[in-house]
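*Asks:* Chain residues, written in single-letter form:
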Amino acid sequence: MVRTVTRLLLLAALLFSAVTFAESQRNNAVIEGSKAADLDACVAPTDFMRRAHFELIEHQRHITVHQGIRKTDNSLAGCVNCHVAKDVHGTFLPVDGANPVTGEQQFCAGCHEYSGVQLDCFSCHTNVPLKAGK
Amino acid sequence: MKKIYYREWGIESPRYWGLLAVLTVILAVAGFAVLHMEHEGHWVTGMNNEVVWGVPHVFAIFLIVAASGALNVAALGSVFGKHIYKSLGRLSGLLAMTLLLSGLLILVLDLGQPSRLIVAMTTYNFKSIFAWNIYLYVGFLVIVAAYLFTMMERKAQRFYKGVGLLAFVWRLILTTGTGSIFGFIVARPGYDAAMLAPMFIIMSFAYGLAIYLLVLMFTFDAEGRALGDKLLGRLKSLLGIFVSAIFYFVLVYHLTNLYGTENHEYEAFILLNGGIYTTLFWVGWVLLGMLVPMAILFHPALGNSRGGIIAASLLVILGGLAAMYVIVIGGQAFPMPIFPDKIILESGFQDGIGGAALYYSPSLPEFLLGIGGVALALGVTLVAVRMLKFLPASLADEVVDPHHG
Amino acid sequence: MSEKIDQNRREFVSVAGKAAAASVVAPGVLLHSIAHAEPRAEPVTDAVRYGLLIDTTKCADGCSDCVSACDKENGLDLLGKPDGATDEDWARQKPRWIRTVKVKDRLSGHVSSLPLMCQHCEHPPCVDVCPTGASFRRADGIVMVDRHTCIGCRYCMMACPYKARSFIHENIKVKLSAVPRGKGCVESCTLCVHRRDYGVAGTACADACEHGAILFGDLNDPNSDITKALQERNHTQLRADLKLNTGVRYRGI
Amino acid sequence: MSFLTVTFAALYYAATVLLVVGLARRIRLYWKTPAPLKIPTTPAPTSTGGVVMRMFREVVFFESLFKSTKWTWLFGWLFHLGLFAVLFRHLRYFQEPVWAPVVWVSPLFKYLAFAMIIGLLGLLARRLFVDRVRYISAPSDFLMLFLLIGIGATGALTTFVTHTDVVAVKSFFRHLMTFNFDTMPNVPTDPLMVAHLGLVVVLMIVFPISKLLHAPGVFFSPTRNQVDNPREQRHIADWARKLEQ
Numbered sequence: 001m002v003r004t005v006t007r008l009l010l011l012a013a014l015l016f017s018a019v020t021f022a023e024s025q026r027n028n029a030v031i032e033g034s035k036a037a038d039l040d041a042c043v044a045p046t047d048f049m050r051r052a053h054f055e056l057i058e059h060q061r062h063i064t065v066h067q068g069i070r071k072t073d074n075s076l077a078g079c080v081n082c083h084v085a086k087d088v089h090g091t092f093l094p095v096d097g098a099n100p101v102t103g104e105q106q107f108c109a110g111c112h113e114y115s116g117v118q119l120d121c122f123s124c125h126t127n128v129p130l131k132a133g134k
Numbered sequence: 001m002k003k004i005y006y007r008e009w010g011i012e013s014p015r016y017w018g019l020l021a022v023l024t025v026i027l028a029v030a031g032f033a034v035l036h037m038e039h040e041g042h043w044v045t046g047m048n049n050e051v052v053w054g055v056p057h058v059f060a061i062f063l064i065v066a067a068s069g070a071l072n073v074a075a076l077g078s079v080f081g082k083h084i085y086k087s088l089g090r091l092s093g094l095l096a097m098t099l100l101l102s103g104l105l106i107l108v109l110d111l112g113q114p115s116r117l118i119v120a121m122t123t124y125n126f127k128s129i130f131a132w133n134i135y136l137y138v139g140f141l142v143i144v145a146a147y148l149f150t151m152m153e154r155k156a157q158r159f160y161k162g163v164g165l166l167a168f169v170w171r172l173i174l175t176t177g178t179g180s181i182f183g184f185i186v187a188r189p190g191y192d193a194a195m196l197a198p199m200f201i202i203m204s205f206a207y208g209l210a211i212y213l214l215v216l217m218f219t220f221d222a223e224g225r226a227l228g229d230k231l232l233g234r235l236k237s238l239l240g241i242f243v244s245a246i247f248y249f250v251l252v253y254h255l256t257n258l259y260g261t262e263n264h265e266y267e268a269f270i271l272l273n274g275g276i277y278t279t280l281f282w283v284g285w286v287l288l289g290m291l292v293p294m295a296i297l298f299h300p301a302l303g304n305s306r307g308g309i310i311a312a313s314l315l316v317i318l319g320g321l322a323a324m325y326v327i328v329i330g331g332q333a334f335p336m337p338i339f340p341d342k343i344i345l346e347s348g349f350q351d352g353i354g355g356a357a358l359y360y361s362p363s364l365p366e367f368l369l370g371i372g373g374v375a376l377a378l379g380v381t382l383v384a385v386r387m388l389k390f391l392p393a394s395l396a397d398e399v400v401d402p403h404h405g
Numbered sequence: 001m002s003e004k005i006d007q008n009r010r011e012f013v014s015v016a017g018k019a020a021a022a023s024v025v026a027p028g029v030l031l032h033s034i035a036h037a038e039p040r041a042e043p044v045t046d047a048v049r050y051g052l053l054i055d056t057t058k059c060a061d062g063c064s065d066c067v068s069a070c071d072k073e074n075g076l077d078l079l080g081k082p083d084g085a086t087d088e089d090w091a092r093q094k095p096r097w098i099r100t101v102k103v104k105d106r107l108s109g110h111v112s113s114l115p116l117m118c119q120h121c122e123h124p125p126c127v128d129v130c131p132t133g134a135s136f137r138r139a140d141g142i143v144m145v146d147r148h149t150c151i152g153c154r155y156c157m158m159a160c161p162y163k164a165r166s167f168i169h170e171n172i173k174v175k176l177s178a179v180p181r182g183k184g185c186v187e188s189c190t191l192c193v194h195r196r197d198y199g200v201a202g203t204a205c206a207d208a209c210e211h212g213a214i215l216f217g218d219l220n221d222p223n224s225d226i227t228k229a230l231q232e233r234n235h236t237q238l239r240a241d242l243k244l245n246t247g248v249r250y251r252g253i
Numbered sequence: 001m002s003f004l005t006v007t008f009a010a011l012y013y014a015a016t017v018l019l020v021v022g023l024a025r026r027i028r029l030y031w032k033t034p035a036p037l038k039i040p041t042t043p044a045p046t047s048t049g050g051v052v053m054r055m056f057r058e059v060v061f062f063e064s065l066f067k068s069t070k071w072t073w074l075f076g077w078l079f080h081l082g083l084f085a086v087l088f089r090h091l092r093y094f095q096e097p098v099w100a101p102v103v104w105v106s107p108l109f110k111y112l113a114f115a116m117i118i119g120l121l122g123l124l125a126r127r128l129f130v131d132r133v134r135y136i137s138a139p140s141d142f143l144m145l146f147l148l149i150g151i152g153a154t155g156a157l158t159t160f161v162t163h164t165d166v167v168a169v170k171s172f173f174r175h176l177m178t179f180n181f182d183t184m185p186n187v188p189t190d191p192l193m194v195a196h197l198g199l200v201v202v203l204m205i206v207f208p209i210s211k212l213l214h215a216p217g218v219f220f221s222p223t224r225n226q227v228d229n230p231r232e233q234r235h236i237a238d239w240a241r242k243l244e245q
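Residue numbers (this note's numbering), protein chains in the order written: chain A, 1 to 134; chain B, 1 to 405; chain C, 1 to 253; chain D, 1 to 245.
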């Protein structure tokens, strides 16, 4: 009985040891090289942001669309501007995609794909910052 | 009158599963069509920025209208106390539910953002007849389910009359609501008419009954259950009366429209020079959908033959689809009078130059979606009658008719 | 100057930000000139009501500058025909916020050209019929679509007497920050709402009109050019019979 | 690693072993238990294919319950439907990468958590308010209901009211599954999440000794899984065959 269990556990360990890589990366909140990487915290403590970022964005989207309030820390465009990374050529990498060279998933895509939560924002919103005119 | 017994639909398994398999294939094809439309976007359909509702809406509105009509047979039994119809109530309630669900599903799957259905269920604009209709539809399903319960559960029978009356009133409001979706559109001459709501009600009577007749005859015939001529004769006469009533309403609708000069162009479009819409109006709706079925149903020999009744019912349904096409799409194809006293010479957006009709050419996926809806309604109905006791064991004349000699 | 900005923007869009050195000024907005005002911090109020006055007597036949300016401002020019669609289909299915129409009077035969867009009604039928309330009228009179709650039913398009609304029939690849856009939602002229909120003057169409046929302004302000012009001479609403009290008025038709 | 994380890690390993071994032993027992008589409830299918269909209807639609009591069927089926949907969504916590179908249906399936809770409340009401059922209800019947209601309610609250750090939760379980303790994150400490995880551990531990064994058990019920062919083929249990020889 005990032997059977031990064997089963060993087999499982073998099977899964190959896929541990992704797990080790999940505790980084930001993408290296993005503006956010140089800052201590997001617009609210990281632990709060990880749970409630969508509530902030959702509230903001309502007052932006209906009341025209644009002066805010909580806009989606703000998320993109701060968390977007660039590739070696200095080109912005879409926050809902992966780095074509390293395969590293970008800020939004990383967690959303990992946790299987659909990311709808960027079917309408731009996923890279737009440079302002001069 | 003898006591009515109900029994599950018992056709042989291979035949039953074969039927379901055929319907499943149709549903699968429709499913792929929907995925295609959702994945690519609506550009793969014939719908565009001028004609924004197309064939899916024709099917959906037809099914929704027919759903409330299908409930009338039950209402005849409970509200109007006609005993002969009482035994038909269960199937009537079932069809009402399956037809409505399928119609709604078509509408939902045609949305630009079907995944946001939850938004439609949680965010309402109570000035919109559409939002009211969501309540009307959900309420209809709940009430008819309760109605069926009172029919099928002995303990609940004391509520049968009350719930039946509520269901009947609700269905009248529901069809009025469906008709009002168009009736409230003041911008388009084809829709802006109070007549549409009552006309939709009378249309629902006929289309619901035609579908009911076909399903009843098919299920009974397939299993060899007795279906008396006397009962069938009553139902087909009723269908004839309903179709005649539509004819009357159509006549009055166009006559009143013709009286007002402002409607002349629209009337000319539908009755004379609207191309496909004119053809569908005269040939599809008036001739095949009303005149021929009336001739068959009121004919002493044809009207009493089963083949005649089946043909008439099928024609009424086809005519109904043609009617919806003329109303829904024809109403949009007729150019909007943005500049009532001017003729449009050029437009950056096809405003109906020189009064030309706006363009719509239906695509295959749209038809597949609509047909899928019909298949779903039939499929769910067939599964339900096999699992539960919806169908009377016999509808022979001596069973149902209190006055049978 | 405006040409230069425009070129900048085009370049950016085509290469998705290769020229990355410039800093981002206001998150996600396209600034046409350095704004004097801050982004809006307080809710809009009904103290203002934005509107347009279109003088069709000044509108030149064959000119479509307002249309191209609108297309650029709102990213409509970034859309392409889907692979497999015909040109005719695309012409009917692509979104259009403003269009030029040439009409001839049935009695006099007088021909006039005019731009036609969302009329920003005080009592908009599109808002009345929208089941989810996605179609709404902002306090400052701008009629818009909240695309987060738009389910794509197109009932507003059925109800609009001006055919001013468009449905997005295809997948959108490139989007502007200021004008999000996605498949399956309805949209229409917003009176350049992003300009309103970032304190940038004018609308793209009014700015682009060399003939001075389009006047943009605050209808509630007795001293604004548009109010004065409206007081000065006669003007009409399209489909005045519907009593929608439109925010866009026409002169000369 | 926090104390809580270590505790949960140990508990989940222990609970998994108990669940798997306990279930395996139970199933072995069911497998070995002879069915001495041919006792399918009629009308019964006369072919193996028919039996498969019957079991399918029984497992998916709860056919025999439907035929006996409609209310129990309604709430029971609602609960199981909701449970299935919710469990399907939970696959995302264990898979990497997540199956596309799981991602597609997740936004819709999350509302079925309400079906699950409504079903459970209905079943609870049945035990409380139907005299005959209350009389035969044992404390363990209530325990199971309360456990499941607790799990469903805490889960629904984290989905619909206050979110937890789902990435940390998934990472924790992925680390457990792969026996990788180096970078294991701490389990979120919000009370709802702790309660949810704790209740699930309890459920896993009691599962092999509870009435919930009807899940594997339904496949072994002779009245459902036997072919109705006593005349065509003689039915004889293994032990009886040995005696005959």
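Since the hints were derived computationally from the structure, they do not count as laboratory data.
Careful, some of the hints might be misleading.
Claimed, not checked - So the derived list for chain A, only partly shown, Cβ under 8 Å to chain C, looks like this:
no., residue
1, H66
2, R70
3, T126
4, L130
Claimed, not checked - Restraint-style ranges between C-beta atoms, simulated for each label pair:
no., chain 1, residue 1, chain 2, residue 2, range
5, A, L119, C, N223, 46 to 52 Å
6, C, D83, B, K82, 56 to 62 Å
7, C, E42, D, L91, 15 to 21 Å
Glycine included, C-beta positions come from ideal geometry on N, C-alpha and C.
*Asks:* Does each hint fit the structure? Answer for all of them.
*Replies:* Here is how each hint holds up against the structure:
{"no.": "1", "hint": "H66", "verdict": "holds, 7 Å"}
{"no.": "2", "hint": "R70", "verdict": "holds, 4 Å"}
{"no.": "3", "hint": "T126", "verdict": "holds, 4 Å"}
{"no.": "4", "hint": "L130", "verdict": "holds, 4 Å"}
{"no.": "5", "hint": "A/L119 x C/N223: 46 to 52 Å", "verdict": "holds, 48 Å"}
{"no.": "6", "hint": "C/D83 x B/K82: 56 to 62 Å", "verdict": "holds, 60 Å"}
{"no.": "7", "hint": "C/E42 x D/L91: 15 to 21 Å", "verdict": "violated, 47 Å"}
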